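> If you're matching them up, the sequences are chains A and B in order.
Going by the numbering used here, 83 is the number at position 83 of the first sequence; the sequence numbering is gapless.
Going by the numbering used here, 59 is the number at position 59 of the second sequence; the sequence numbering is gapless.
Label-pair restraints from in silico Cβ distances:
(1) V172(B) - N11(A): 19 to 27 Å
(2) D50(B) - A179(A): 41 to 49 Å
(3) R192(B) - P334(A): 56 to 64 Å
(4) P65(B) - D240(A): 56 to 64 Å
(5) G69(A) - D185(B): 40 to 48 Å
(6) K162(B) - P273(A): 55 to 63 Å
None of these hints come from the bench; they were simulated from the model.
If you're wondering where the values come from, they're calculated on a predicted model, not measured in any experiment.
C-beta atoms are modelled at their ideal positions from N, C-alpha and C, and glycine is treated no differently.
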Amino acid sequence: MGQTLYDKLWNSHLVHQDEDGTALLYIDRHLVHEVTSPQAFEGLRLAGRKPWRTGSVVATADHNTPTTGWEQGIDGIRDAVSRLQVETLDANIRAYGAKAYFPFLDKRQGIVHVIGPEQGATLPGMTVVCGDSHTSTHGAFACLAFGIGTSEVEHVLATQCLVARKMKNMRVTVEGPLARGVTAKDVALALIGRIGTAGGSGHAIEYAGSTIRALSMEGRMTICNMTIEAGARCGMVAVDDSTVAYLKGRPFAPGGGEWDQALAYWRMLRSDPDASFDGEVALDARAIKPQVTWGTSPEMVVPVDDEVPDPDREKDPTRREDMERALAYMGLRPRTRITDIRLDKVFIGSCTNSRIEDLRAAAAVVRGKRVAPSVRLAMVVPGSGLVKAQAEKEGLDRVFRDAGFEWREPGCSMCLAMNADRLEPGERCAATSNRNFEGRQGDGGRTHLVSPAMAAAAAVSGHFVDVRNWR
Amino acid sequence: MEKFTVLDGLVAPLDRANVDTDQIIPKQFLKSIKRSGFGVNLFDAWRYMDHGEPGMDHSRRPLNPDFVLNQARFRGATILLARKNFGCGSSREHASWALLDYGIRCVIAPSFADIFYNNCFKNGLLPVVLPEADVDRLFYECASFPGFRLIVNLEQQSVSTKDGGQTMRFEVDGFRKYCMLNGLDEIGLTLRHADKIRAFEASRREQFPWLFR
Ligand code: SF4
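Between the sequences and the hints, there should be enough to build the whole structure, so can you do that?
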């Protein structure tokens, strides 16, 4: 019987397997950031161990770094605890070395999941890990990429391997063209709405179908990124011409004769036609509308032309309670039309939607328009220094600035509000990030997840609008 | 890692589904570069009435009297009873460190998010999956009987009530069980295969040289 893409990636990294299925998996690429690594380096030191292969490490500081005031250097990180974490990463990389390090203030610094692919440090056929759940993003390049905890970060540093058990295979097939204004983000949210935040638990998801094929690499990264919000640790897409075209000429992509050699291998990174999956989900792209979350879990999502659901119509008591609690937190009444929800802030950024294509989509919506006066803050945070530079080259920064957006330095920013960018209690935000959990963007903050175009349109209108009708 | 063999503990019920790691330990506390000290900020936003930041004197902050862990009858709980998909969201291992630091050694739920489940085993925190119906009953009993305790026996893979009236079996992967029962360091175990790893790496380098540039 044929193998799935996941089977192939798994098998090709198997160093050892016990009879009970516990396996040692070899890790090709280890991405490191400041929040989940200090305790791992410390553990290594305490045990008197050395890193196995620092050539696998690509590191950056992204979670704590400020998005303004870079001219002040490290002092621009006001919070002493944050600064210490950034400095600790500097010290650890200095002590142990890495293949590449993009520290705070470097031109190529950025969100770890944006810079990996951008540098060509994420390549098809790799195992890619990082102490961050959105490592699933890199699966867009036909890699086995998943998030790990800090003990595992230490384990990979020390042994270049992870102890793992094979997951089940799930295929999500999306067929048909997407309507104008409907994006990869909407596909991801529609999927989570359908299968729930635990729907993919225990599975590796492969995305397939004509819709996925037609997506750019940026779009595929958005979908793979949100895989963790569907409960699966990794999502992936087979190699095709788009993958290859994206990687060609990237700094760490193979060159010369090795490019052809790599290409021949990459072309095999797809599921065999007769491979079988433990679970199958099919989505019709034509039926997908722009999505907006209304609650405190990404599965609490509806199309923009719908309304906030009514818990009274929910039969399951636990679910009803969850809905009531979410509505109370979100300050929303049942059956409010989504387009009647007014916003205080708008955040365009995060590893889900801060790549050049996302910024282009948002800029196209705001061009020549103004942010609504009722919106207190609308900000664009590019995913990396290189994305920022590219956007500036295309004049997108002007489009945003002229419309009244703030144009910031790269980083995670208000996706999780570890730096100074955050919502105040009760503030409502349209965000292009991936999590609408309670307090995620600041204590008491209310997050609605949407695509970049939807966020941009909401900024201009002051409330949600159906971007399919945007002029 | 601390060994886990048999735990006889007071049970605290947290009656919410999809409790995410942002709730277990909010991000402002992830700035620490240590592994300890997270216990006072476990469930910070639910537990205190004010907004918590690192460096505060947490013992002086106003407690939310409605939050379960603040109720006198659950003081000293070492077992947390939870609902489905516990620990979803971010990969932060700080979530298991915070639970442990607070004193929780075992979480019982109908299901867990994958990364959190994994992280628990690295730290001697036992996640136990029981069928939804059993968990429902435990919630009921926990609410009905003050001082409700359970005995969790990892060797026998069982959870039983104090009076021995009920015993529920749970599944746990053999390797994880072995490490936890013996408090073993996983890195040390893996390094026993160092030669195999080296050989694997050498052949990979040969086949895919661009991965090692
Ligand atoms: S942008 Fe948000 S989700 Fe992505 S890595 Fe940063 S904090 Fe995590």
